[in-house]
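Student: Spelled out, the chains give:
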Amino acid sequence: MISIQNFHFAYRRNTVFEDVTATMKPGHIYGILGRNGTGKSTLLYNIAGLLYPTGGKIEVMGFSPHKRESSFLQDIFIIPEEFYLPDIPVEKFVQYYSPFYPKFDKKVFLEHVQGFEIPVDSTLQAMSYGQKKKVLISFGIATNVSVLLMDEPTNGLDIISKSQLKRIIAGAIDENKCILVSSHQVKDLENLIDEVIIINATKIILKEGLENVGKKLSFKISFDEDDLEDALYSESLLRGNAIVSRNTIGDESGIDLELLYKATMADPLKMQTVLVD
Amino acid sequence: MNHTFELSRMYFLIRKYIYENRKAYPLLFLAIGGFFILWLGVYLLFTNPNLFNERFQVGYYFTGLFLSGCLYGGILFSELGSKPKAINYLMIPVSSLEKFICTFFFGVLIFFIGYSVVFYIVDATAVSIANMKYGTQWTILNPLAIDRYENVFFDGPLSYVYYIYFVAQAFFILSSIYFSKHSLFKAIVGLGLLWVFLMLFFLLIRNFLPPGWFYQGIDTYQILEPSGQTRVVSLPSALTGALAFYFKFLLAPSLWVAAYFKLREKQL
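In order, the protein sequences belong to chains A and B. Just so we're aligned, residue 1 is where the first sequence starts under our numbering, counting upward by one. Just so we're aligned, residue 1 is where the second sequence starts under our numbering, counting upward by one.
Isolated chain A, as found in the complex (with noise of 0.2 angstroms):
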């Protein structure tokens, strides 16, 4: 569905990816982490047709991005992280937004909608970030497209909202879409994704299924000082240390996100190693 091959881009002399490779298969929810400043946006902007490699290839659903065929702008949609919606009446920005999008279900925005709370009758110059976030979230996943990218979404949004985007985005999910999250609140991913992906200093340096995150890694709060040999990554709490291990039970264990990109940032090398046995 994505295929990002031997992808270079920079601003001007700043070097924001060299050599990335990698492919987003349809049936998966795809989180991008990364500091603030390491590409997360700019890999969105470029698979989005919005940026243009400056080497290699991106292709998406068989169309070259930057074209911006409508064809393929039919089928994707992005909820940047800073967004701009016309100063109109949310039923008026369904009714001329929507024709654009033929897999559009007007049910599923209002939906959503009503599960966010938001008056369908007001404008949206008129609702606060949030409120009009949710509205574009909203309108997002009603397009029914078939790649959605969604960039910091829960940047704006209270606690309740954040869980309430996660069931919307799990519900949204089928085996011809494929959904791209980037986001540096690690724990806004938690029990959304299956699969994650690290940037860090120009490269991917992890992309790897959440399943076979937890058959190959254990992660854990120990107060035995004997655990701490074993780990791969540990830090300590204010009482006993959090411990990534490998997973030597067998059993698939529950998986501290934070900790995976905390434990791939110390030492990307080593993750990848342990995950790939």
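Treat the hints with care, as some may be off.
Said to hold, decoys possible - When the alpha-carbon atoms are kept at most 30 angstroms apart in a straight line, the in silico BS3-like pairs for lysine-lysine are as follows:
#1 B:Lys-186 - A:Lys-132
#2 B:Lys-181 - A:Lys-103
#3 A:Lys-67 - B:Lys-83
#4 A:Lys-67 - B:Lys-181
#5 A:Lys-57 - B:Lys-186
#6 B:Lys-83 - A:Lys-162
#7 A:Lys-106 - B:Lys-181
#8 A:Lys-67 - B:Lys-262
#9 A:Lys-162 - A:Lys-207
#10 B:Lys-181 - A:Lys-57
#11 B:Lys-266 - A:Lys-57
#12 A:Lys-132 - B:Lys-85
#13 B:Lys-83 - A:Lys-203
To be verified - Chain A is faced by these chain B residues, among others (derived, beta-carbon under 10 angstroms):
#14 Asn-2
#15 Glu-6
#16 Tyr-11
#17 Tyr-25
#18 Asn-88
#19 Leu-90
#20 Val-94
#21 Gln-229
#22 Arg-231
#23 Arg-264
#24 Glu-265
Worth flagging that the hints you see were computed from the coordinates, not collected in a lab. Just so it is clear, CB atoms sit at the ideal spot from N, CA and C, and this is done for glycine as well.
Assemble chain B onto chain A, guided by the hints.
Tutor: Quick look at chain B alone, frame taken from chain A:
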């Protein structure tokens, strides 16, 4: 599905554009009307009846057209200068050609018609009042038959000013797509530099020519012989014809095409 142009997509885009700009265009034309009401209203307070003769009306019409048309052209694609608006604009599922045609249709054609109508209404009212006040019989400027009037700017039919206007506006439109920030300012500076470049170019050419001066345009040169007599030399008529054709019919369209291609490859 046609990727470049499809009527149904165009219809949805125009429908959306009209709805989103339903307040912007009436306000724009009201502002232009208000500007002329103030301008001509102040002139009506003066005692000079000649301020409303046809020559002056031509001046008012084209001054307003160049000012408002170029300024508006310079902000026609201003959303591309703001990342959130640019994402919204570029991600609408229609082709770049459809986006360009839609904005061009409203920003160039509808603007020109709207401006001319607004000017005509204000001008007709002001000239009628002036004729009653001063007992004059000035006719109201008709932008549809502009060649009826004397060209107060240069030798040639007055309709040639329209060609210059569309070239200048196209330059501003290109600038609004090309530059993400301060496009209006950069277009004004660009036009200024172009003017300076042309002046320097002609000064340079003049250095290579014998003593004399350009005569009735830049295609004719009058040479001052040492004997004191003058001799006129002209560019071949085929060349001047080709150049005139280019400036009249090809320069503005080529700038529009350049603007379209720039829009097609526009990045955030």
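Student: Tell me if the interface restraint on Asn-88 of chain B is satisfied: Cβ within less than 10 angstroms of some Cβ in chain A.
Tutor: holds (5 angstroms)
Student: Lys-57 of chain A and Lys-186 of chain B: Cα distance at most 30 angstroms?
Tutor: Roughly 34 angstroms separates the two Cα atoms, so the pair is violated.
Student: Does the nearest C-beta of chain A fall within a distance shorter than 10 angstroms of the C-beta of Arg-264 of chain B?
Tutor: holds (8 angstroms)
Student: Is Lys-83 of chain B close enough to Lys-162 of chain A, meaning Cα to Cα at most 30 angstroms?
Tutor: It holds: about 25 angstroms lies between the C-alpha atoms, which stays within 30 angstroms.
Student: Below or equal to 30 angstroms on CA atoms is what counts here, so check Lys-132 of chain A against Lys-85 of chain B.
Tutor: holds (14 angstroms)
Student: Take a quick look at whether Lys-67 of chain A and Lys-83 of chain B sit within 30 angstroms of each other, Cα to Cα.
Tutor: The given pair, whose Cα atoms are some 19 angstroms apart, holds under the 30 angstroms limit.
Student: Tell me if the straight-line CA distance from Lys-67 of chain A to Lys-181 of chain B falls inside 30 angstroms.
Tutor: holds (24 angstroms)
Student: Restraint: Glu-6 of chain B near chain A, CB-CB cut 10 angstroms. Satisfied or not?
Tutor: Where the cut-off is 10 angstroms and the nearest Cβ of chain A is about 7 angstroms from Glu-6 of chain B, the hint holds.
Student: Any CB of chain A closer than 10 angstroms to the CB of Gln-229 of chain B?
Tutor: Violated, because the Cβ-Cβ distance from Gln-229 of chain B to chain A comes to roughly 62 angstroms (cut-off 10 angstroms).
Student: For the hint on Val-94 of chain B, does the least C-beta distance to chain A fall short of 10 angstroms?
Tutor: holds (6 angstroms)
Student: Is the hinted pair Lys-266 of chain B and Lys-57 of chain A satisfied, with a Cα-Cα distance of at most 30 angstroms?
Tutor: OK: Lys-266 of chain B and Lys-57 of chain A at ~18 angstroms, within 30 angstroms.
Student: Hint check: Lys-162 of chain A vs Lys-207 of chain A, CA-CA at most 30 angstroms. Holds or violated?
Tutor: holds (24 angstroms)
In summary, the structure is inconsistent with hints 1, 2, 5, 7, 17, 21, 22 from the numbered list given earlier, while agreeing with the others.
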